[in-house]
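**Student:** Now for the letters of each chain:
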Amino acid sequence: MSQAFTKSMARNIFFGGATFFFLLLVALSFDTMQVLPKRDHRENITDAVARGKAVWEKNDCIGCHTLLGEGAYYAPELGNVYKRRGGEFVKAWIKSRPAEGTPGDRRQMPQFNLTDQELDDMVAFLKWTGEINTNNWPPNIEG
Amino acid sequence: MNTQSLTIDAHEPGTPPGDLAIWFFIFAELLAFGVFFGSYAFARAHHVELFNQSQQLLNRASGAINALVLITSSYFVVRAVAAIKQGLSRQCANWLGAAIALGGVFIVIKLFEFHAKFSAGISLSTNTFYMFYLSLTIFHFMHVILGMVILAFVMAKARSGGYSIEHHTGVETGASYWHMVDLVWVILFPLVYVIR
Amino acid sequence: MQYKSQAVAKPYFIAAIGLFVGQILFGLIMGLQYVVGDFLFPAIPFNVARMVHTNLLIVWLLFGFMGAAYYMIPEESESELFSPKLALTMFWIFLVAGALTIVGYLTVPYAALAKMTFNDLWPTMGREFLEQPLITKLGIVVVALAFLFNISMTILKGRKTSISLVLLLGLWGLAVFFLFSFYNPSNLVLDKYFWWWTVHLWVEGVWELILGSLLAFVLIKVTGVDREIIEKWLYMIIAMTLITGIIGTGHHYYWIGTPEYWQWFGSVFSALEPIPFFMMTVFAFNMVNRRRREHPNKAATLWALGTGVMAFLGAGVWGFLHTLAPVNFFTHGTQITAAHGHMAFYGAYVMVVLTIISYAMPMLRGRAANSAKAQVMEMWAFWIMTVSIVFITLFLTAAGILQVWLQRVSTTPMGFMATQDQVALFYWLREITGVMFLVGLVVYIASFFVAGETKEAA
Amino acid sequence: MNKPSQPRFVRPCTLIWLALVTLTGVTYTIGDAGLGGRNVMLLVLAITLLKSQMIAGYFMGLRKTSLLWRAIMGGYLIVVGGMIAIAYLMGIN
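Residue numbers (the working numbering), protein chains in the order written: chain L, 1 to 143; chain Y, 1 to 196; chain A, 1 to 458; chain V, 1 to 93.
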C-alpha cells in the first residue's frame, strides 16, 4: 500500500536532515578554526591576559556587563572599555567602589577587593579583548 | 473529519509524485537556496566590480559540463521512473545506476575545481564573492552526495525487486529529490558563473 | 495513571513549580534594581540575583523535563519504569545539589565560592548561564546519566514509539552538548564559540525535540487523534527545527571575533527558524480541531495551544526581529535581546512544562481532570501570566528600541548609563507587569488547592 | 495519466532533455563570449527560468498536479528570478 505522506519518510528526513546540517556545522567550524588565529591575535594572549580572564570569571562580571555584546544588559559593554576609558581609569574605578554602595537610585557595582596584580591582569585581558576583529562591532565607542 | 484520508491506497490525483513529506523538504531546501541566491544577488549589487573580476577566474567550462551532467542524470532518473511504471525493475535499477554514476562524475569534476581554488589559496574568507561561490557550491555539493545516497538506496531496493507497477512511491520520492538538486544547479550555474 | 511508577513524576513537578516561584521572585528583585539601583545592595548584588534567576529557570525546566519523561515513558513503553528508586534518589540529589548551589550564590561572594570549589584547578565558572561550580556541573552530569540510563532501559524493555524516541534523542543531546560547558580555554573567542554549542544547541536544538515530543504526547491524549498523524507532524517539525537551527547557530557568530561569512549563514538559516514554530502552531490547532474525543481537562488543551502560539511569537517572530546581521549590528546586547529571551523561554519551554504538568498532575492525584472550578482558576492563571509576559516583552522591546536609537544609531551617541536613565519609564512598567505575572503564578498555584476533590476518579 | 503501453518514437522527456542541453549550451556560449549588461542578463535569466520550469514540469512531474503545487513552484521561480533581476539593476546604478 503506498501512502501519500508516510511517517517513515518524515523520520528519514529528520535523521538525514539533522545529520547533514550537523556535518555542515562541523565543516564550517573547522574552517573557522583555521581562520581564527588571524582574527583573535592569540599570539598576544600572555599569562597576564589568561589570568585576567580568570579574574573576570571568578567575579562573575558577565552577570552585569556585556563582553562583545554577550552577558547581562545592566551595566556598560566592556569589550571596548579599554579604548573608551583607558586602563588606569578601569583600575581606579574598580578599586574605588564603596563596599556598602552609594545610597540612591544609581546602579551599584560591588567592591571586589582585587589586588594590584589582579587589576593589571584584568586590564591586560580587556585590552586584548578590545583588539579582537569583531567586524567593527560595536557601532560606536559607547558600546 | 476522516483522519484516514492521508493514508489512501493509490496516488492522490493532483499531488506531486512521491511521498508528500519529501515535497515539504524539497520546498524547504529550495527556500534556503532561494534566500542564498537572493543574498548573492544583493551582495553583488554592492560589489559589482569585485564580483565581475572574481567571476572571470572561475572555470566556466567545468560549471557548464556539470550542468549537462546533472541534466542528463536527471533524465536517466526520469527513465527509471518510467521503467518501474511498466514493472521493469531491472531497467529501473540500471537507469538509476547510470544516474548515480553521472552524480559521481559531477563530484569528480567539482573536486578538481575545488582543488584548483584551494591550492590557489582561496578560502571562505578571501572575499565576498568567493565566500558565496564556495558556500553555494559546497552546500550544493553536499546535496549531490545526499541525493546519490538516496538514489543508491532506491536502486538497491529496485534491484531486489522491491518495487512494482502498483507500488513505486519510493522511486518517485528519490527521483523528485534528485531533480531538485538538478534544478538548483540549473539556477546556480548562470547566476554565479555567467551573469555579469 | 496507568503505571504505578509514573508517580515519581510528582515530586519533580512540585519541585519545578517551587523553583519557578523562586525564579520569578529574583526576577522581580532584578527588575527593581534596574530602576532602584541600591535595592538590597550589597546583600544581593545584581549579578547574584541574575545568576539565581537564570539558573533557577534552567534547573526547574530540567526538573520539568525529567518529570515529564518519568510520566510519559512508562505510558509510551507500556511498561513500569526500570527503577523508580533510582529516579527518587536522583530527585533528592539534584534538589539538594541545586539548593546548595543557590545557597552558595547567595551567602558567599562568588569569588569565594569559586575558591571553595577549587575552580582554579579546572576553571569553568563565571560564564553566562554556566556559573555553577565545577562540582555542581559534575553533579548535573551524574544525575543526567542516571536519569538517561533509567529512561533508556525502560524504553528498551518496552514498546518503542516515535514520541519516546524523539524525547530520548532530545535528552541525550541535552547531556552531550552540556559537555561543552567543561571546555573553557583562555582564548575568549574560542570560549564563546563553543559556549554556544551548549547554549544555542540546547535551546534552539535538542530542547526543541523535547518540546515537540511533550506537546505531541499531550495532544494525542487530549484530542484522541491517530498517533500516526501526530508522529508524522512531530518528525516534520523537528526536522525543520534542526535543519534551520543547527546552522542558525551562526546568528551568534556575527560579532565575537568569528569570520564574516557567519553573517550570511546565520542570517539565512535563522531567518528560516520561525518555520518550525509556525508549523507547531498549525499542528496544535489542527489536531485540536480534528479531535475525536472531548477530554475533560480543558486547561491542558489551552496550555498546549498556548505553547504553539507563544513559542511562535517569542522564539519565531521576536527572534526574527533581530536575527539578520545588519539589524543585529545595532541590537546586539541590548534590551531587544532580553525581550526576545523572556517571551521565547516562556512561550516555548515554560509553557510546555506547564502543559504536561497540567495534563499529568490531576492523573497523578487520581483523577482524569480537575474540577471545573479549579480549571477555571488555572485558565485565569494562564491568561494573567501570558498577557503579563507579552507586556513585559513589549516594554522591553520599547526600551530596547529607544536604547538602540540613543546609544547606537544617533549621530551623537549617548553613554550607556545616560541611555538607561532615559528608558527608566519602561523598566518601571516592566516591573509592574512582572508583579502581575507573580499574581498569575500565585493563582496558578492556588488552583492546585481549590476544590480538587469534586471530580470523578480516573 | 499513465499510458505505459503506448509506444512512441521519441519520448517527450527526451525532447525536454535535448532542449535543456541546448539551452545550457547557449548560456555557456554567452558566458564564454564575456557578454554582460542588462539585456544579456535578462536573456540568461529568461533561459534559466524556462529551463527550471521544464525540469519542474516534466522531470519533477508538477505539470500534472493541481494548481496549488504549480503555483508554489512557479511563484518560487518568479520570486528568485525577480530578486536576481532587481538586484542586478540596483548594481548598475
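Hints in this document: simulated from the structure, not taken from any laboratory. One or more hints might be untrue.
To be verified - Listed next, the in silico EDC-like pairs over lysine to aspartate or glutamate satisfying Cα-Cα at most 16 Å (straight line):
no., chain 1, residue 1, chain 2, residue 2
1, L, Lys83, L, Glu142
2, Y, Lys117, L, Asp31
3, A, Lys221, A, Glu78
4, L, Lys95, L, Asp120
5, L, Lys127, L, Glu88
6, A, Lys115, L, Glu118
7, L, Lys38, A, Glu260
8, A, Lys221, A, Glu294
9, L, Lys95, L, Glu131
Claimed, not checked - So these bits of chain Y aren't anywhere near chain L, every CB distance computed over 10 Å:
no., residue
10, Ala21
11, Glu113
12, Ile138
13, Met142
A virtual CB, placed ideally from N, CA and C, is assigned to each residue, including glycine.
**Student:** Please verify whether lysine 221/A and glutamate 294/A have alpha carbons no more than 16 Å apart.
**Tutor:** holds (10 Å)
**Student:** The output says methionine 142/Y does not contact chain L. Does that hold with a beta carbon cutoff of 10 Å?
**Tutor:** violated (7 Å)
**Student:** With the threshold set at 16 Å, check whether the alpha-carbon distance from lysine 38/L to glutamate 260/A stays at or below it.
**Tutor:** holds (13 Å)
**Student:** Can you confirm whether the C-alpha distance between lysine 83/L and glutamate 142/L stays at or below 16 Å?
**Tutor:** At roughly 10 Å apart (the allowed maximum being 16 Å), glutamate 142/L and lysine 83/L satisfy the hint.
**Student:** Can we trust that alanine 21/Y is non-interface, i.e. its beta-carbon lies farther than 10 Å from all of chain L?
**Tutor:** violated (4 Å)
**Student:** Is isoleucine 138/Y truly not at the interface, in the sense that its beta carbon sits beyond 10 Å from all beta carbons of chain L?
**Tutor:** The assertion about isoleucine 138/Y is violated, with a minimum of 8 Å to chain L.
**Student:** Does aspartate 31/L sit within 16 Å of lysine 117/Y, going by the straight-line distance between their CA atoms?
**Tutor:** holds (15 Å)
**Student:** Given the hinted pair lysine 127/L and glutamate 88/L, is their Cα-Cα distance within 16 Å?
**Tutor:** Distance of about 12 Å is within 16 Å: holds.
**Student:** Does the structure keep lysine 115/A and glutamate 118/L at a Cα separation of 16 Å or less?
**Tutor:** holds (15 Å)
**Student:** Run the C-beta distances from glutamate 113/Y to all of chain L and say if the shortest one exceeds 10 Å.
**Tutor:** Given that every Cβ of chain L is farther than 10 Å from that of glutamate 113/Y, nearest at about 17 Å, it holds.
**Student:** Keeping to a limit of 16 Å between CA atoms, is the pair of lysine 95/L and aspartate 120/L held or broken?
**Tutor:** Given that 16 Å is the threshold and the Cα spacing comes to 12 Å, the pair holds.
**Student:** Given the hinted pair lysine 95/L and glutamate 131/L, is their Cα-Cα distance within 16 Å?
**Tutor:** At roughly 24 Å apart (the allowed maximum being 16 Å), glutamate 131/L and lysine 95/L break the hint.
Checked against the numbered hints above, the structure breaks hints 9, 10, 12, 13 and satisfies the rest.
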